[in-house]
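> Each chain, written out:
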Amino acid sequence: MGDLDSLIRGGLRALDITEAQRELVVSRYTLLGETLDEHWIHTRGDNAVSPQGSFALGTVVRNVHRNDDIDIDCVALKDVAKTSVSQAELKADVGAAARAYARSAHSGGPELSQCSRCWTLSWPGMHLDILPAIPNDDAGGSNIWITDREVSRWLPSNPGGYAEWFRNRMSSELHLERTIEAKRLEVEDVPEWRVRTVLQRTVQALKRHRDIFFSGRLDERPSSIVITTLAAHAYTASGDLYEVLRDVPSQMADHLTKVQGRWTLPNPVQAGENFTDSWASDPQRAEHFFEWVEEAERTFRSFGMSKSLDRTLPLLENAFGGRFASAAGASLGQSLFTARQRGQLVVGNRGRLATVTGSGAASAYAVKQHGFAGGPAR
Amino acid sequence: MGSPAARRAEVSLPVQALALRSVVPDSRARLTPQRLLWHGQVRPSPQSQTYELRLAASPRWTPRITVTRPTLRPDEDGRLPHVYDDGSLCLSRPGDWYPHMLFTATFLPWACEWLLFYELWLATDLWFGDGPNHLDDASQAALLHPFSA
Numbered sequence: 082m083g084d085l086d087s088l089i090r091g092g093l094r095a096l097d098i099t100e101a102q103r104e105l106v107v108s109r110y111t112l113l114g115e116t117l118d119e120h121w122i123h124t125r126g127d128n129a130v131s132p133q134g135s136f137a138l139g140t141v142v143r144n145v146h147r148n149d150d151i152d153i154d155c156v157a158l159k160d161v162a163k164t165s166v167s168q169a170e171l172k173a174d175v176g177a178a179a180r181a182y183a184r185s186a187h188s189g190g191p192e193l194s195q196c197s198r199c200w201t202l203s204w205p206g207m208h209l210d211i212l213p214a215i216p217n218d219d220a221g222g223s224n225i226w227i228t229d230r231e232v233s234r235w236l237p238s239n240p241g242g243y244a245e246w247f248r249n250r251m252s253s254e255l256h257l258e259r260t261i262e263a264k265r266l267e268v269e270d271v272p273e274w275r276v277r278t279v280l281q282r283t284v285q286a287l288k289r290h291r292d293i294f295f296s297g298r299l300d301e302r303p304s305s306i307v308i309t310t311l312a313a314h315a316y317t318a319s320g321d322l323y324e325v326l327r328d329v330p331s332q333m334a335d336h337l338t339k340v341q342g343r344w345t346l347p348n349p350v351q352a353g354e355n356f357t358d359s360w361a362s363d364p365q366r367a368e369h370f371f372e373w374v375e376e377a378e379r380t381f382r383s384f385g386m387s388k389s390l391d392r393t394l395p396l397l398e399n400a401f402g403g404r405f406a407s408a409a410g411a412s413l414g415q416s417l418f419t420a421r422q423r424g425q426l427v428v429g430n431r432g433r434l435a436t437v438t439g440s441g442a443a444s445a446y447a448v449k450q451h452g453f454a455g456g457p458a459r
Numbered sequence: 169m170g171s172p173a174a175r176r177a178e179v180s181l182p183v184q185a186l187a188l189r190s191v192v193p194d195s196r197a198r199l200t201p202q203r204l205l206w207h208g209q210v211r212p213s214p215q216s217q218t219y220e221l222r223l224a225a226s227p228r229w230t231p232r233i234t235v236t237r238p239t240l241r242p243d244e245d246g247r248l249p250h251v252y253d254d255g256s257l258c259l260s261r262p263g264d265w266y267p268h269m270l271f272t273a274t275f276l277p278w279a280c281e282w283l284l285f286y287e288l289w290l291a292t293d294l295w296f297g298d299g300p301n302h303l304d305d306a307s308q309a310a311l312l313h314p315f316s317a
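Listed in order, the protein sequences are those of chains C and U. When we follow the numbering used here, the leftmost residue of the first sequence carries the number 82, and every step to the right adds one. When we follow the numbering used here, the leftmost residue of the second sequence carries the number 169, and every step to the right adds one.
In short, the hints are calculated from the structure, not lab data.
Interface residues of chain U toward chain C, partial, derived using beta-carbon atoms under 7 angstroms:
1) Ser213
2) Gln215
3) Gln217
4) Arg261
5) Asp264
6) Thr274
7) Pro277
8) Leu290
9) Ala291
10) Phe296
11) Gly297
The calculated DMTMM-like cross-link candidates involving lysine to aspartate or glutamate, where the alpha carbons are at most 25 angstroms apart (straight line), are:
12) C:Lys449 with U:Asp298
13) C:Lys388 with C:Asp84
14) C:Lys388 with U:Asp293
Yeah, the Cβ is synthetic: ideal placement off N, Cα and C, and Gly gets one too.
Sequences and hints are given; from them, build the entire structure.
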């Protein structure tokens with residue numbers, strides 16, 4: 082109790098999407114998908130809206146620079162052949178459907194805006210980016226074509242394949258976490274979204290640290306896909322969350338290579354795509370990445386050197402923000418209080434407090450119930 | 169008459185001292201027929217500081233526990249949560265402890281709890297030790313008491 086692993090988990094839980102928000106996201110993109118499907122009645126028929134990015138990977142973190150809002154990415158797939166539609170037509174087409182959806186009765190009245198190649202639906206506290214796409218019939222499977230930022234070329238993409246790759250990096254842990262959670266809830270099975278593995282938590286922590294580190298210069302942030310891919314490569318599935326977080330930043334750069342003078346991080350499921358492509362035209366991006374990852378390593382190591390909770394919590398606040406630090410403190414305070422209330426608190430060598438689960442503590446050192454009081458001298 | 173708990177055989181001070189030393193092996197206990205004085209170092213969590221505690225007990229009386237090192241840090245008005253004005257920690261309410269109970273299951277871990285809640289209080293200005301229903305400003309103000317080391 083009170084170790085860095087549980088403190089960081091307590092903080093990260095406050096950056097998670099809540100269950101109610103998750104249900105809202107699912108209902109919104111499902112309804113959007115139905116609207117698109119009606120709008121595209123003359124296509125081959127497999128039109129779909131599916132989440133991609135952090136929502137699909139289980140690594141959503143609230144946007145600290147936008148009131149801790151939730152940002153979700155999804156792909157709107159129009160099931161037509163590449164020869165039958167231009168990039169600009171597809172984008173306009175998705176925009177028209179999104180507009181129809183925004184006006185519909187059950188949409189909650191979001192605002193619609195557009196960026197270079199996508200559309201954004203905004204509700205209070207939540208933003209849904211919609212990326213227009215068509216199937217990549219040549220490559221098959223979950224491969225798709227998306228438009229480039231100028232909306233003039235097709236680019237291959239495979240967010241579904243990437244999510245599968247990421248899931249494979251933590252498959253045994255995912256299975257274990259689901260079994261533990263099912264046992265805790267006394268149910269047969271729990272859905273994947275209900276649990277967070279150490280790798281998912283690590284990615285969340287890295288992204289949050291990046292967002293805080295680049296406050297005031299957000300354009301310089303390394304992209305989430307670069308961080309997620311490097312963390313997944315560096316992750317070795319050993320140790321608790323703090324140990325992994327302490328070790329991963331020092332190994333992330335090992336998975337970047339230089340090919341003919343260009344930094345390269347291949348998309349693990351998309352041959353030929355380099356996630357660090359933009360670093361060649363803007364070499365400062367590489368500098369910013371290395372500046373950040375070195376600072377992350379230093380910062381995470383410093384947590385372990387702190388010898389008092391009242392010093393650790395301010396370190397966590399500097400690294401991950403106030404919402405995180407408050408939640409980390411409150412989570413520890415509440416779990417200590419609850420453990421004692423339930424008779425699950427035990428005391429070990431030199432007064433170390435710990436919890437036991439199950440029917441209660443039967444050890445000689447089980448802590449008895451009490452209340453604090455105080456005031457005038459006895 | 170008294171409650172069934174109050175009638176159970178009391179734990180003698182030598183037994184209390186032995187139990188304390190089993191949890192904190194390098195601690196020191198001084199016994200006289202009517203008094204136990206114990207000093208020991210505790211560290212309630214891996215991220216916590218090490219604190220030296222002093223426990224003074226007489227038969228059948230609730231013991232008095234003070235933090236001897238490091239010096240506790242009250243707020244700017246000189247107050248700490250749940251302390252007596254003699255500087256000892258207030259760790260129980262009437263009925264929480266009876267003489268048949270070991271200090272190792274009561275006052276020692278209760279003091280460790282107090283210290284963990286204290287470190288959180290230093291960082292957050294919130295005392296979580298009275299539960300989630302006592303985090304409002306009025307409840308938090310009511311649990312602060314003048315402190316002198």
